[in-house]
Amino acid sequence: MHTMTAVTPDTSNSDKLNKKRYYITTPIYYVNGAPHVGTATTTVLADATMRYQRLRGNRPYFLTGTDENARKVTDAADEAGKPTQTFVDEVSQRFVETWKLLNCDYDVFFRTTEERHKRVVQEVFTRLKASGDVYPGIYEGWYSVADETFFRDTDVDEATQTARETGAKVERVREETYFFRLSAYGDRLKEHILANPDFLIPETRRNEVLAFIENLRDINITQNRSGWGIEVPGEPGKIIYVWFDALINYLAESGWPENPNWDTLWPADVHFMGKEIYTRFHATLWPAMLMALNLPLPRHVVGHGWWLVRDPKTESLVKGSKSGVPLPLPQQMTALLEERSGAPEAICVDALRYYLCRDIQLQSDAEFSVDMLITRYNSDLANDLGNVLNRQLRAKYFDGTIPQPSEHDADLMAAARDAVAGYEAGLARFDWGAALQSVWSFVGALNKYIDTKAPWTLAKNGDTQGVATVVYQALEGARLAAVLISPVLPSAAAAMGQQLGIATLAAEGTWEEATRWGGLVPGTPIGEATPLFPRIDTKKPSAASTNPTPSSKKNSKNMSTSEQEPTFAPIGEPGKTTTPSDSAPAPATPPAPTTPAGDTVTIDDFAKIQL
RNA sequence: GCCGAAGUAGCUCAGCUGGCUAGAGCAGGCGUUUCAUACGCGCCGGGUCGGGGGUUCGAGUCCCUCCUUCGGCACCA
Numbered sequence: 001m002h003t004m005t006a007v008t009p010d011t012s013n014s015d016k017l018n019k020k021r022y023y024i025t026t027p028i029y030y031v032n033g034a035p036h037v038g039t040a041t042t043t044v045l046a047d048a049t050m051r052y053q054r055l056r057g058n059r060p061y062f063l064t065g066t067d068e069n070a071r072k073v074t075d076a077a078d079e080a081g082k083p084t085q086t087f088v089d090e091v092s093q094r095f096v097e098t099w100k101l102l103n104c105d106y107d108v109f110f111r112t113t114e115e116r117h118k119r120v121v122q123e124v125f126t127r128l129k130a131s132g133d134v135y136p137g138i139y140e141g142w143y144s145v146a147d148e149t150f151f152r153d154t155d156v157d158e159a160t161q162t163a164r165e166t167g168a169k170v171e172r173v174r175e176e177t178y179f180f181r182l183s184a185y186g187d188r189l190k191e192h193i194l195a196n197p198d199f200l201i202p203e204t205r206r207n208e209v210l211a212f213i214e215n216l217r218d219i220n221i222t223q224n225r226s227g228w229g230i231e232v233p234g235e236p237g238k239i240i241y242v243w244f245d246a247l248i249n250y251l252a253e254s255g256w257p258e259n260p261n262w263d264t265l266w267p268a269d270v271h272f273m274g275k276e277i278y279t280r281f282h283a284t285l286w287p288a289m290l291m292a293l294n295l296p297l298p299r300h301v302v303g304h305g306w307w308l309v310r311d312p313k314t315e316s317l318v319k320g321s322k323s324g325v326p327l328p329l330p331q332q333m334t335a336l337l338e339e340r341s342g343a344p345e346a347i348c349v350d351a352l353r354y355y356l357c358r359d360i361q362l363q364s365d366a367e368f369s370v371d372m373l374i375t376r377y378n379s380d381l382a383n384d385l386g387n388v389l390n391r392q393l394r395a396k397y398f399d400g401t402i403p404q405p406s407e408h409d410a411d412l413m414a415a416a417r418d419a420v421a422g423y424e425a426g427l428a429r430f431d432w433g434a435a436l437q438s439v440w441s442f443v444g445a446l447n448k449y450i451d452t453k454a455p456w457t458l459a460k461n462g463d464t465q466g467v468a469t470v471v472y473q474a475l476e477g478a479r480l481a482a483v484l485i486s487p488v489l490p491s492a493a494a495a496m497g498q499q500l501g502i503a504t505l506a507a508e509g510t511w512e513e514a515t516r517w518g519g520l521v522p523g524t525p526i527g528e529a530t531p532l533f534p535r536i537d538t539k540k541p542s543a544a545s546t547n548p549t550p551s552s553k554k555n556s557k558n559m560s561t562s563e564q565e566p567t568f569a570p571i572g573e574p575g576k577t578t579t580p581s582d583s584a585p586a587p588a589t590p591p592a593p594t595t596p597a598g599d600t601v602t603i604d605d606f607a608k609i610q611l
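Residue numbers (the numbering used here): 1 to 611.
To be clear, the hints were calculated from the coordinates, so they are not data collected in a lab. Heads up, the beta-carbon is just placed ideally off N, CA and C, and yes, glycines get one too.
For each label pair, taking beta carbons as the anchor points, the in silico distance ranges come out as:
1. Gln-361 - Thr-401: 39 to 47 Å
2. Gly-137 - Asp-418: 53 to 61 Å
3. Arg-127 - Gly-81: 36 to 44 Å
4. Phe-109 - Asp-75: 18 to 26 Å
5. Asp-107 - Ser-316: 37 to 45 Å
6. Gly-433 - Pro-83: 40 to 48 Å
7. Ala-428 - Pro-83: 44 to 52 Å
8. Asp-107 - Asp-75: 26 to 34 Å
Using 25 Å as the maximum straight-line C-alpha spacing, the simulated BS3-like pairs for lysine-lysine come out as follows:
9. Lys-448 - Lys-396
10. Lys-72 - Lys-275
11. Lys-72 - Lys-118
Input sequences plus hints: build the corresponding full structure.
Okay, structure coming up:
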């Protein structure tokens with residue numbers, strides 16, 4: 001479905017091609033702290049894309065993991081007073097827990113401290129050394145431990161011995177190291193980029209890379225030390241530079257080179273990442289390394305922008321950081337939604353996933369705020385999506401069984417076709433914002449359809465056939481919406497399916513069938529109809545409008561919701577790693593129970609949903 | 001400094017290769033419905049499309065110039 005102008009298309013072996021997995025990756029994340037909503041965005045985008053490919057029958061394979069060989073990891077471990085391996089295990093576990101909470105269904109959690117990874121990295125090094133792409137030389141210059149980076153003279157302020165860009169302390173080093181012949185690949189890379197317009201996404205990043213590769217220089221890829229990290233084969237005093245090591249994980253997962261079937265996984269179909277590691281690493285160094293190895297390049301490299309947050313002091317938008325205004329943790333956001341809405345955790349997780357996918361921008365940065373999260377929750381999820389289903393299922397003229405329509409509504413079907421087309425077009429560019437917009441314009445059409453047809457009036461007039469037709473169309477529309485949102489809101493979609501009396505919303509590989517009008521089977525009894533997304537009352541005073549961080553609320557909040565989630569592992573103590581003290585005064589809000597008494601039944605019901 | 005992108009309604013943004021009275025969502029106002037989660041639907045925007053020049057029968061849409069903002073320039077989702 002995408003332009004398949006791969007450099008070395010292996011179309012000869014169709015048998016093998018059929019077995020090729022649709023390979024999706026996130027970066028392997030630095031183990032420098034618990035993942036925040038920015039990191040979560042990358043993983044959720046990848047997870048949603050994986051689920052979409054699964055729906056389409058493309059056998060996805062989803063990799064995420066952690067990058068653990070950096071030298072500063074040992075420093076952080078020392079500071080924490082722990083053995084490095086223990087420290088790394090613990091931090092890595094934070095990622096595992098967060099992805100579990102966020103319902104990210106990866107196939108492998110890759111850790112660069114695994115033996116199999118080290119072997120492949122050394123194999124790559126050995127091969128490139130033999131081919132001359134890796135060669136020994138003398139490096140003299142500045143190195144920053146904090147940044148894991150070598151700097152040029154012009155990048156360093158010699159007076160203070162700090163890197164201009166980062167302000168980090170640098171030290172003068174002169175050593176015999178190995179270089180990678182990056183400079184040799186600029187032209188070929190440029191050719192490939194120009195020949196494959198959708199290789200680098202979005203456009204702005206593509207332009208950046210084209211400018212960047214005009215003047216490539218060879219890079220130093222080893223350090224003279226020993227200990228933590230991957231050794232240069234046969235040279236115990238040298239460690240392979242962490243970025244050179246890390247990127248190889250994507251390939252190592254395939255089992256290359258020993259596994260004869262490595263090409264059922266490689267090349268990757270799409271690498272997702274934030275923009276900061278896009279140009280230098282994923283769009284330049286990594287493709288160059290692959291070219292040097294004579295291996296095919298990934299089909300798509302997709303970068304997204306950053307979340308910016310409002311600095312309460314200056315009122316300006318700043319990028320989240322540990323020192324300044326922190327980006328919230330996903331756990332804080334879902335806890336906040338749980339408390340404000342009374343919805344079960346899985347539904348709040350979906351709501352967060354929705355916000356992240358809906359509002360992140362690929363080509364630029366975007367603002368992250370609790371207000372916008374709540375607006376998305378109320379307007380899009382509660383008022384539009386949740387209500388359009390609920391208003392039919394609970395209608396007095398509806399008897400609880402999918403009715404038999406006498407005809408299908410051509411206009412509504414056309415709107416459905418448009419929605420699917422817009423959705424597919426958006427996702428061909430990995431643009432979830434556009435895809436979701438397309439779904440919501442269809443939800444709008446559904447609401448309008450119901451109002452126009454006014455089945456309640458038909459019911460009063462005794463037109464049972466008319467009622468049956470309208471209700472069927474409305475519910476069928478809700479079914480289609482559920483299918484389309486399922487990659488982003490898997491739990492909510494499953495709940496919608498359950499309410500519609502459907503066992504499985506869409507079997508794998510039946511995309512055409514799942515999106516065809518008329519999927520609901522007349523005569524099927526529906527499940528229990530309860531509001532999916534209980535509305536958040538924004539009139540009630542909130543703890544802090546801009547700064548969320550309800551870490552301390554976790555204790556005081558209604559115990560019922562936190563105890564009914566056997567599906568997820570405990571999320572630890574999210575409040576611990578950040579400093580939510582910035583502006584948030586005590587959450588002087590009325591205690592949790594935001595919903596009328598009757599709703600507890602609802603909540604319990606949702607907790608039973610199998611995810 | 002160099003390179004790139006962007007400046008369109010209160011907010012977030014669509015507007016592709018120039019062409020009907022400049023659009024959407026959110027927020028706000030008014031009206032209305034009652035099937036529904038005080039939800040839905042309808043109506044309401046005197047916006048100099050950053051400023052100034054130019055090309056054209058016609059320009060957010062192309063060219064020049066100026067201003068502002070943001071990003072990349074080998075650390076960070």
